[in-house]
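Enquirer: Below are the chains, spelled out letter by letter.
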Amino acid sequence: MNRLHVTLPGLNLKNPIIPASGCFGFGEEFAKLYDLSLLGGIMIKAATGEERYGNPTPRVAESGMGMLNAIGLQNPGVDGIIAHKLPFLSQFDTEVIANVAGSTAEEYETVTRRISQDPVVKAIELNISCPNVKSGGMQFGTDPMMAAELTKRVKAVSDKPVYVKLSPNVTSIVEMAQAVEQAGADGLTMINTLVGMRIDVRTGQPILANRIGGLSGPAIKPIAVRMIHDVAQAVEIPIIGMGGVMEVDDVLEMIYAGASAVAVGTANFVNPFICQELISALPKRMDELGIEHILDIRGKAYGATLHRA
Amino acid sequence: MIQLLTVVTRRQIATGATELICRLPEVADIEPGRFMHLRVGPLLRRPISIANVEGDLITFLFKEIGQGTKELARLRPGDQIDALGPLGNGFPVHHVAREARIVLVGGGIGVPPLYYTMRKLVERGIACEAILGFDTASSVFYEDEFRALGPTTVTTVDGTAGIRGFVTAALEPNRFDTLFACGPEPMLRSVQHISIEHKFLSIENRMGCGIGACFACVCPTPDGHYVKTCSDGPVFRAEEVIL
Numbered sequence: 000m001n002r003l004h005v006t007l008p009g010l011n012l013k014n015p016i017i018p019a020s021g022c023f024g025f026g027e028e029f030a031k032l033y034d035l036s037l038l039g040g041i042m043i044k045a046a047t048g049e050e051r052y053g054n055p056t057p058r059v060a061e062s063g064m065g066m067l068n069a070i071g072l073q074n075p076g077v078d079g080i081i082a083h084k085l086p087f088l089s090q091f092d093t094e095v096i097a098n099v100a101g102s103t104a105e106e107y108e109t110v111t112r113r114i115s116q117d118p119v120v121k122a123i124e125l126n127i128s129c130p131n132v133k134s135g136g137m138q139f140g141t142d143p144m145m146a147a148e149l150t151k152r153v154k155a156v157s158d159k160p161v162y163v164k165l166s167p168n169v170t171s172i173v174e175m176a177q178a179v180e181q182a183g184a185d186g187l188t189m190i191n192t193l194v195g196m197r198i199d200v201r202t203g204q205p206i207l208a209n210r211i212g213g214l215s216g217p218a219i220k221p222i223a224v225r226m227i228h229d230v231a232q233a234v235e236i237p238i239i240g241m242g243g244v245m246e247v248d249d250v251l252e253m254i255y256a257g258a259s260a261v262a263v264g265t266a267n268f269v270n271p272f273i274c275q276e277l278i279s280a281l282p283k284r285m286d287e288l289g290i291e292h293i294l295d296i297r298g299k300a301y302g303a304t305l306h307r308a
Numbered sequence: 000m001i002q003l004l005t006v007v008t009r010r011q012i013a014t015g016a017t018e019l020i021c022r023l024p025e026v027a028d029i030e031p032g033r034f035m036h037l038r039v040g041p042l043l044r045r046p047i048s049i050a051n052v053e054g055d056l057i058t059f060l061f062k063e064i065g066q067g068t069k070e071l072a073r074l075r076p077g078d079q080i081d082a083l084g085p086l087g088n089g090f091p092v093h094h095v096a097r098e099a100r101i102v103l104v105g106g107g108i109g110v111p112p113l114y115y116t117m118r119k120l121v122e123r124g125i126a127c128e129a130i131l132g133f134d135t136a137s138s139v140f141y142e143d144e145f146r147a148l149g150p151t152t153v154t155t156v157d158g159t160a161g162i163r164g165f166v167t168a169a170l171e172p173n174r175f176d177t178l179f180a181c182g183p184e185p186m187l188r189s190v191q192h193i194s195i196e197h198k199f200l201s202i203e204n205r206m207g208c209g210i211g212a213c214f215a216c217v218c219p220t221p222d223g224h225y226v227k228t229c230s231d232g233p234v235f236r237a238e239e240v241i242l
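Sequence order for the protein chains is A and V. Note that the first sequence covers residues 0 to 308 in numbering that gives the first Met the number 0. Note that the second sequence covers residues 0 to 242 in numbering that gives the first Met the number 0.
Just so you know, these hints were derived from the structure itself, not from any lab. No experiment lies behind these values; they were computed from the predicted model shown. From the three backbone atoms N, C-alpha and C, an ideal C-beta is built for every residue, glycine too. Careful: at least some of the hints might be erroneous.
Ranges of calculated distance between the beta carbons of each label pair, as one might list FRET restraints [what the hints assert, rightly or not]:
#, chain 1, residue 1, chain 2, residue 2, range
1, A, Tyr33, V, Gly40, 35 to 45 angstroms
2, A, Glu276, V, Glu184, 56 to 66 angstroms
3, V, Glu25, A, Tyr301, 44 to 54 angstroms
Computed list of chain A residues with no C-beta within reach of chain V, every gap over 12 angstroms [stated by the list, open to error]:
#, residue
4, Gly21
5, Gly24
6, Glu27
7, Pro55
8, Val59
9, Ala60
10, Ser62
11, Met66
12, Gln73
13, Ala82
14, Glu174
15, Leu207
16, Ile211
17, Asn270
18, Leu281
19, Lys299
Pulled out of the complex, with its shape left as it was, chain V reads as follows (with noise of 0.2 angstroms):
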């Protein structure tokens, strides 16, 4: 459950953005949409998404936000990081039928999970393709990576690259019948009641523990309950949270 992973590369990929290679101690096959609770900071460990393994390797994409996330891009090359995990449950890549119309949307923070989403989907020979929307064009990352996978559209905010407006603008839900989507909130209400049939969205929330027990990153849901995000999710069906 607590391994200790090893820096193999860092290097800044977009303004404020870092993507971290670690070596896992074992090959691992792990479900994407998980995440990792880094041990990073002055106390609390921090959640990170994966953003792909492939064999013993495994990578983080994030931004320099706060203290645990500029620690984290300070790592050098054979460093070790205490990460519990993998934990929470990720997208269903391995439930979604063969002729699945997918698309994957991702809001700049909430790339990463999406990248090792597509990638095993392209595995499995399903067609999927990904919107990626950023807020300016110095801050896109993985645009390649992506677009080697399948198609991919980049929006900006600015307008400086790909399409000038939110992830919405570049959305056409008549052309899918599955979305995964992970982003900041207001992107994710913004797909939530779209008309797309299966709709799972990856959200993020400030959590203690990782593993369900302290009720840090409880989200409410419509049958008035509740969910933990660390343990039932990250990802849940659309319409099981209330955004």
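In isolation and in its complexed conformation, chain A is listed as follows (with noise of 0.2 angstroms):
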């Protein structure tokens, strides 16, 4: 039995290594890389009902072991993906899941119905977590009222299981997970990225154009692991980890503290090869700390937190 395949709804991964949204485009450029079959599945950037060109550059900005990104949802538009990128996808064994976004409930709802109908598509990835669009994306995922009923929404109108992606812009993230969990989501992706600013001393002016982005990286994956595990212990349905894996030892981090599988976004721009080194690295680090299968460990950090937000 492979000790690396972890089973979720609609997902059937040969390992848990998935490259986050946003963080490897619709795969064409890591494809020149390596072979997209050794993923257990791909998170492909966002789509929106129409195309959009995103936010003016400058877009990124780094920080102590951190990156500020306000892309803004640029892409071809949920039809440009289904007729210009899916169909490249679809010549590889790996899972897709495709991150939807929106600036209205209707918008989310148009573009799942259309892209979950693709078969190329195993699950609908629910962005209700951008930091850096001005409608939409965020505001849906800091409310739990709004956020189940989103949550519900979408689901009445896909043919593909529902992982919603919570924001760690929250006052509960247990709050919102449980929200979503009781509107039908099928499974949890955490966390998105953290809202924050850089200034230009130079200038006086923040160095984003949009002023405010997200951040993700290294600097991040305490609190991503500290969020999942309080999530893990109070849902039921699986959560894929992420926020800031850079190396082998982080993603079993994230399953002890209760994800089932694990994204990686920013690392990819620091080596463009990490899943394919992650997925190579596991079986040994898991021989060396006595790790069977790899789900083995799943959760076994759990415990009460003192401050549980």
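These two chains come separately, so use the hints to put the complex back together.
Expert: In structure tokens, the structure reads:
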């Protein structure tokens, strides 16, 4: 039996490593570097109803062991993705998870209805946590009532299981998770980026043209691990963990915290071969730590936290 | 795609500017105008233009501006650099006509890739001239190296070296049919619509992945779409991009 194999609603993952949405495009660039069939799955860049240009540049800024980005959901639109991006991905033996975003509930429904019917797509990742767009995005992801309502509507039109991508920019992520679980979510992906800002002291102005951006990278990993740990104990649905994963022990940390699979984002920019390297490094590290199957350690770090938020 | 470079020499060539010559794992023939995405700094890579390649030696010239370039300037002979690349598309040195009349226009940190470009043009037997703009005399670098390749004019904003003013003060468009330029955005804008038939601009942008996946370095185009600086550029025809 494959010791890395993970089964989740709609997803048959040969290993728990998935490039995170927005950090891997639609796979075309990375397919020139290695065989994408090695991957457990691929979370493709967010789809919106129409083509979007996104924000002005600069769109990225580095900070201590982290990266701020404000791309603004640039994408060719759901029809463009179905016509030009999914056919390319169909050649790979890996599970495609389509990230869906929108400005209104109707847009989320339209995009989900269309993209979930494509046979290449195995699951939907409902993006209610993008901090870089004016309307929609995170606005749906910071109010439990709105998040639950949107989850219900999207579930009703989706052909495939729906994973809700949670924002860490909330008072209680546990409350958010429980709300979308009750609304019918099949799984959770967490965490999206934390809202941040950097200022160029030579100009006295924010570096990002959008002024604010989402912080990702190793700087946020302990926050992600803590949130996964708290949420995993409060819900029954599975979690795909993400937030600053750079090395094989980070993957194990997320699974100990309660994740069933792990997405890798910013690390792809530092080392474009990172997902491939993590997949090949996992068995050796598991041997060293005496782990037979990857999910044997899932949630093994559970316990009460004094301050639960 | 990822290679380890070994630092061979490092020297300061102007105020705050460093020349770093590194050994490549093997002899490479790299198109001028492409870049290397170097893993220096706390996390993200830094796109650094290629100032020269000879045999298995590659030269970077850069100004210390942020954490990444400061770290790069502190490297010593024997140190290794993790380099992703070469990436992007360079100047069309192999596609210009032999009888082309080419001017290379560089501003400050945009000067380095033009040295390698001029060397390659001269190798092909194509006559070209360089106009190099700096802010002040102490910032000027590689003037002699350029002069060894062909006619070179230096401009400085404060007039402490060469012609006073910006590069455009020294540029006579009617003498040329092709322009290759690299430099800060205001400089590129000033030459973008100049009356020279073929104009190629190397643009700069903050990058993430460097391979076209993250959409950090997009640049709008006149047809309402966009190009990615890293994978579609960094060299574009002047009419292709909105600066």
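Enquirer: Against each hint, give a clear statement of whether it holds in the structure.
Expert: Hint check results:
{"no.": "1", "hint": "A:Tyr33 to V:Gly40: 35 to 45 angstroms", "verdict": "violated, 25 angstroms"}
{"no.": "2", "hint": "A:Glu276 to V:Glu184: 56 to 66 angstroms", "verdict": "violated, 37 angstroms"}
{"no.": "3", "hint": "V:Glu25 to A:Tyr301: 44 to 54 angstroms", "verdict": "holds, 51 angstroms"}
{"no.": "4", "hint": "Gly21", "verdict": "violated, 7 angstroms"}
{"no.": "5", "hint": "Gly24", "verdict": "violated, 4 angstroms"}
{"no.": "6", "hint": "Glu27", "verdict": "violated, 8 angstroms"}
{"no.": "7", "hint": "Pro55", "verdict": "violated, 9 angstroms"}
{"no.": "8", "hint": "Val59", "verdict": "violated, 4 angstroms"}
{"no.": "9", "hint": "Ala60", "verdict": "violated, 7 angstroms"}
{"no.": "10", "hint": "Ser62", "verdict": "violated, 8 angstroms"}
{"no.": "11", "hint": "Met66", "verdict": "violated, 6 angstroms"}
{"no.": "12", "hint": "Gln73", "verdict": "violated, 5 angstroms"}
{"no.": "13", "hint": "Ala82", "verdict": "holds, 16 angstroms"}
{"no.": "14", "hint": "Glu174", "verdict": "holds, 32 angstroms"}
{"no.": "15", "hint": "Leu207", "verdict": "violated, 9 angstroms"}
{"no.": "16", "hint": "Ile211", "verdict": "holds, 15 angstroms"}
{"no.": "17", "hint": "Asn270", "verdict": "violated, 7 angstroms"}
{"no.": "18", "hint": "Leu281", "verdict": "holds, 21 angstroms"}
{"no.": "19", "hint": "Lys299", "verdict": "holds, 29 angstroms"}
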